[in-house]
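Chains as they are written, first to last, in the working numbering: chain R, 1 to 271; chain S, 272 to 542; chain Y, 543 to 813; chain U, 814 to 1084.
It is worth saying that the hints were derived from the structure and are not from the lab. Just so we're clear, the structure is a prediction, and the values are computed from it rather than from any experiment. Heads up, some of the hints might be wrong.
Claimed, not checked - Quick list of in silico lysine-lysine cross-link-like pairs, DSS-like style, CA-CA up to 27 Å:
hint, chain 1, residue 1, chain 2, residue 2
1, Y, Lys544, S, Lys509
2, Y, Lys670, Y, Lys544
3, U, Lys1066, U, Lys1051
4, Y, Lys544, R, Lys2
5, U, Lys864, U, Lys1051
6, Y, Lys547, S, Lys352
7, S, Lys289, S, Lys359
8, U, Lys941, U, Lys815
9, Y, Lys780, Y, Lys795
10, U, Lys901, U, Lys831
11, S, Lys276, S, Lys289
12, S, Lys273, Y, Lys780
13, S, Lys322, S, Lys289
14, Y, Lys630, Y, Lys560
15, S, Lys276, Y, Lys780
16, Y, Lys593, Y, Lys630
17, R, Lys238, U, Lys894
18, U, Lys1051, R, Lys2
19, R, Lys128, U, Lys894
20, Y, Lys547, S, Lys509
21, U, Lys1051, R, Lys5
22, R, Lys253, R, Lys238
23, Y, Lys623, S, Lys399
24, U, Lys941, U, Lys894
25, U, Lys818, U, Lys941
26, U, Lys864, R, Lys238
27, U, Lys941, U, Lys831
28, R, Lys51, R, Lys238
29, R, Lys18, R, Lys238
30, U, Lys941, R, Lys128
31, U, Lys831, U, Lys1066
32, R, Lys18, R, Lys81
33, R, Lys81, U, Lys941
34, Y, Lys544, S, Lys399
35, S, Lys273, U, Lys1051
To be verified - A few chain R residues facing chain Y, derived, Cβ under 8 Å:
hint, residue
36, Arg173
37, Phe175
38, Asn211
C-beta: ideal position from N, C-alpha, C; glycine also.
If you want the building blocks of each chain, they are given just below.
Protein chains: 4
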Amino acid sequence: MKNLKLATRELDQRTIIKISNVEIGRGFTVIAGPCSVESEEQMFESARAVKAAGADMLRGGAFKPRTSPYAFQGLGLRGLKLLSQAGKETGLPIVTEVIDPRDVSWVAEFADVLQIGTRNMQNYSLLKEVGQTGRPVLLKRGMYSTLEEWLNCAEYILSEGNPNVILCERGIRTFETYTRNTLDLSAVPAIKELTHLPIIIDPTHSTGRVNLIGPMSLAAVAAGADGIIVEVHYDPAKALCDADQALTPTIFKDIMQRLRPLQSFMDDLPS
Amino acid sequence: MKNLKLATRELDQRTIIKISNVEIGRGFTVIAGPCSVESEEQMFESARAVKAAGADMLRGGAFKPRTSPYAFQGLGLRGLKLLSQAGKETGLPIVTEVIDPRDVSWVAEFADVLQIGTRNMQNYSLLKEVGQTGRPVLLKRGMYSTLEEWLNCAEYILSEGNPNVILCERGIRTFETYTRNTLDLSAVPAIKELTHLPIIIDPTHSTGRVNLIGPMSLAAVAAGADGIIVEVHYDPAKALCDADQALTPTIFKDIMQRLRPLQSFMDDLPS
Amino acid sequence: MKNLKLATRELDQRTIIKISNVEIGRGFTVIAGPCSVESEEQMFESARAVKAAGADMLRGGAFKPRTSPYAFQGLGLRGLKLLSQAGKETGLPIVTEVIDPRDVSWVAEFADVLQIGTRNMQNYSLLKEVGQTGRPVLLKRGMYSTLEEWLNCAEYILSEGNPNVILCERGIRTFETYTRNTLDLSAVPAIKELTHLPIIIDPTHSTGRVNLIGPMSLAAVAAGADGIIVEVHYDPAKALCDADQALTPTIFKDIMQRLRPLQSFMDDLPS
Amino acid sequence: MKNLKLATRELDQRTIIKISNVEIGRGFTVIAGPCSVESEEQMFESARAVKAAGADMLRGGAFKPRTSPYAFQGLGLRGLKLLSQAGKETGLPIVTEVIDPRDVSWVAEFADVLQIGTRNMQNYSLLKEVGQTGRPVLLKRGMYSTLEEWLNCAEYILSEGNPNVILCERGIRTFETYTRNTLDLSAVPAIKELTHLPIIIDPTHSTGRVNLIGPMSLAAVAAGADGIIVEVHYDPAKALCDADQALTPTIFKDIMQRLRPLQSFMDDLPS
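Excised from the complex, chain R in its bound form:
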């Protein structure tokens, strides 16, 4: 793909991103937690549940990009602090979204991984800013973007000096309405062909249906993905956003009890 320099070099030297005891790009990393940080109880209960089920990292949104200006927009700094404390208590590194270039430096003091959401994939000011921090960046694919455009956005970050980019396929927009978006799982082997960067899957936002998350998580393992990021809420009925698609701790645990053995099996399968 033309114009790409850093994203596509040395395919045999795959990027592995170390965050505390987690290595993204080696094994299969499970990132879980609520869509947004809503309260101390919600955050800590959810964090304990995902930890107990075997998650590797904790997610939670303090700044929520919402379609409507009148929808809940997140708790901001207070949410970030709750997320950080829940991460510390459980020993899980944390991932959180940043949406404004002016917030990057201080959010980076709390977050182990900075997430760029699908709506901001081509927010180049934001990409440059996260490229200048030392924090790993989880770059979601724009719901409307080709692999080539996505890798060019990774290139924006890499070219600022930050080599730690994790790609995240989260579904693309199609005509299908049964699912929220269409998960493009073939992006996993395609991205592996094209770049040395790790790629994870978001089965929650792509499918938007609780019953599809388990099968798509297992499929992500079999397709060779480096991990998943899923929404788990200790009580989805009370969730302030994405209530319909958050997993309960019980369902998440069930998925993990199938996922981890599959991961081991795949590791042992001769390539």
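Following the hints, position chains S, Y and U against chain R.
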């Protein structure tokens, strides 16, 4: 989904379609063979190769719906006879596409399974005609069609009295150009939620890239699909259609050597 | 565009299709009438209304390709006879859809123009059959198809010896849900660049909204289209199909009273 | 559409935005100029050419959001000053894109209208910032966004206290590859149904083909749009971006000589 009657009843009584010793809907059925029947040598060599690698059924096109009227359109009856002979020699039941309602009755005398291609998914005259034969029908999803429209097409066949419909997800049309189409693997658990019919995956036409076929075949197993249909040609460089995406016998064999153990593993995994 | 021979030659010699006193490709042809033929009263009242408002040709479906097998599928031969009689009474040539290759020869005895619907654009058996009649063919664009694929389907008809192909843009499938499909009006100048064939617009099926049909009809004139095909029903609330998008005779008349002067204005505008 | 408050009230009181002697929402406003400001000569020659041909406003990019980090990104402040001077010399108000919330206040000192590009439609920090200036905002539709999402982005601006939002349809992403994007011209009457805000069309970025810009500009007039924004470069072959789709001054003049009479004709047509 409104209007559906036969496709959606009794989800717990899943349809299993018996074709000789193959049972589609139980285990994982691998259908393989060339895009089109081109010659005796090509057909028999390809059939022997897929049999040797462990395929369950043999595919091959005698009537090819081609974008251009000037492209190779298939060998017709002669192709059908070669396919039938290759099936008999190898003991593999055969799947072949029918594109004209006037051909259904005589093609059904050769074919074990009649395939409806993506361009003809909403060719209702053809659907009614295959609904009136006793042959199982492999119904490919229209590259532009929703799950609801697809199931309505199955309903056309079922309502004519033919209960043996196999759904086949073969990729949908999106803006992405790296892959030929976008494989909607989430259709597997979605279809399982909605209907009792078996669903298989076509990793060849959806991705259009040899390197993506293996990972997507394994992902299909993990997602709970009932099988795959893949193009294998004994010498892809000589293929008269789809030369870029046909597997060599060697690559197909490698995929099968990973796929079958995964299938066994998944069978044993507690649900 | 590769593979095209007959559709793209001699762009300066534009195809004009004469049907009685109508010339498609010269001036601006308005084809109007109900979605389906439902009864004598409905057909004749609708025909008189569109004639009175200045339509050039009459449309009506006797065979309706419906998403569900349980929906009204048209009156068949009886509908065709009613349409034919209504055409004779009003002096309007008639356009009707044919969906099965076995029906082409006898439907062609009634119809002045044979319509190929969007779902059958790539039904190559049907294309070949209409290519072998002497009747002009109105070829709707597949809702999922590129200009190149569409022109290849025209090529199927042309290559059978029938030079009278009218292209009809009827909206493509996108993610937008406010409109039924997305009208690709830029197809008009694009097709004029690529081929000598006339192109008309279907503002009814593309937008699916009564209020959008008038503005899109005027826009079609300004964009250089050769005509429109619109659904008009003498009493839309009673329509057996497409009740939500059929124009009343009054609204159709209002549109025509703006459209015809615009057409004259455009004819006089120096190019 | 749910959640919308300010964008949808009082449809009969249409918003008219006054900028010097231009009124967007009354008549038909033509905004023209180069993709990016490249040099003094280029900017002034292009500005004089569009003024001579009858443009109402001048466009030019000082900050260019480019797919690749290695592509020309605009001249920044220097470009803004050149654009401003060219606007003053020709008496044309200027429109320019802003891509970073930190730049809004100072860019607003130069620009008469602030443009939000398609990639930033859902950059909510940026929307809030331009909502807090007194400058009119030209809000391009996301190439992947529904009308509902687009109007919600207008709502973000309106809810910050800035009532002067101009919507701009610039093509949506579809599977068609002949055009750069697919111009959704039906958005014009749809938006007029839904909101009181003015809507203009960008025929350049939507079609990406010089030959399609004229017909689509005329179609925009007939569809009831409030204006167009087009790229005109005094020497397209030398353009640093979008060289393939910029109009020459001569072609632009030809389009204007057809567009203005059509506009007068449409104004006089009884509604």
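Results for each hint:
1. Y:Lys544 with S:Lys509: Distance ~21 Å between lysine 544 (chain Y) and lysine 509 (chain S) Cα, so the pair holds.
2. Y:Lys670 with Y:Lys544: Judged against 27 Å, a Cα distance of about 20 Å means the pair holds.
3. U:Lys1066 with U:Lys1051: holds, 20 Å
4. Y:Lys544 with R:Lys2: Holds, at about 25 Å.
5. U:Lys864 with U:Lys1051: Status holds; Cα separation ~21 Å.
6. Y:Lys547 with S:Lys352: violated, 33 Å
7. S:Lys289 with S:Lys359: holds, 17 Å
8. U:Lys941 with U:Lys815: holds, 20 Å
9. Y:Lys780 with Y:Lys795: holds, 20 Å
10. U:Lys901 with U:Lys831: Distance of about 17 Å is within 27 Å: holds.
11. S:Lys276 with S:Lys289: holds, 23 Å
12. S:Lys273 with Y:Lys780: holds, 21 Å
13. S:Lys322 with S:Lys289: Satisfied, since the Cα-Cα distance of roughly 19 Å is no more than 27 Å.
14. Y:Lys630 with Y:Lys560: Distance ~17 Å between lysine 630 (chain Y) and lysine 560 (chain Y) Cα, so the pair holds.
15. S:Lys276 with Y:Lys780: Satisfied, since the Cα-Cα distance of roughly 26 Å is no more than 27 Å.
16. Y:Lys593 with Y:Lys630: holds, 12 Å
17. R:Lys238 with U:Lys894: violated, 52 Å
18. U:Lys1051 with R:Lys2: holds, 21 Å
19. R:Lys128 with U:Lys894: Holds. Lysine 128 (chain R) to lysine 894 (chain U) sits at ~25 Å (cutoff 27 Å).
20. Y:Lys547 with S:Lys509: holds, 26 Å
21. U:Lys1051 with R:Lys5: holds, 26 Å
22. R:Lys253 with R:Lys238: Holds, at about 20 Å.
23. Y:Lys623 with S:Lys399: holds, 25 Å
24. U:Lys941 with U:Lys894: Within the cut-off at roughly 25 Å; holds.
25. U:Lys818 with U:Lys941: Holds: lysine 818 (chain U) and lysine 941 (chain U) sit about 16 Å apart, inside 27 Å.
26. U:Lys864 with R:Lys238: violated, 58 Å
27. U:Lys941 with U:Lys831: Given pair lysine 941 (chain U), lysine 831 (chain U) holds - Cα atoms ~22 Å apart, limit 27 Å.
28. R:Lys51 with R:Lys238: holds, 21 Å
29. R:Lys18 with R:Lys238: At roughly 34 Å apart (the allowed maximum being 27 Å), lysine 238 (chain R) and lysine 18 (chain R) break the hint.
30. U:Lys941 with R:Lys128: With a Cα-Cα distance of about 21 Å, the restraint between lysine 941 (chain U) and lysine 128 (chain R) holds, given a limit of 27 Å.
31. U:Lys831 with U:Lys1066: Roughly 25 Å separates the two Cα atoms, so the pair holds.
32. R:Lys18 with R:Lys81: With a Cα-Cα distance of about 23 Å, the restraint between lysine 18 (chain R) and lysine 81 (chain R) holds, given a limit of 27 Å.
33. R:Lys81 with U:Lys941: holds, 25 Å
34. Y:Lys544 with S:Lys399: violated, 35 Å
35. S:Lys273 with U:Lys1051: Between lysine 273 (chain S) and lysine 1051 (chain U) the Cα gap is close to 57 Å, so the pair fails against 27 Å, i.e. violated.
36. Arg173: Interface hint status for arginine 173 (chain R): holds (5 Å vs cutoff 8 Å).
37. Phe175: Check passed: Cβ of phenylalanine 175 (chain R) comes within 5 Å of chain Y, closer than 8 Å.
38. Asn211: Violated, because the Cβ-Cβ distance from asparagine 211 (chain R) to chain Y comes to roughly 23 Å (cut-off 8 Å).
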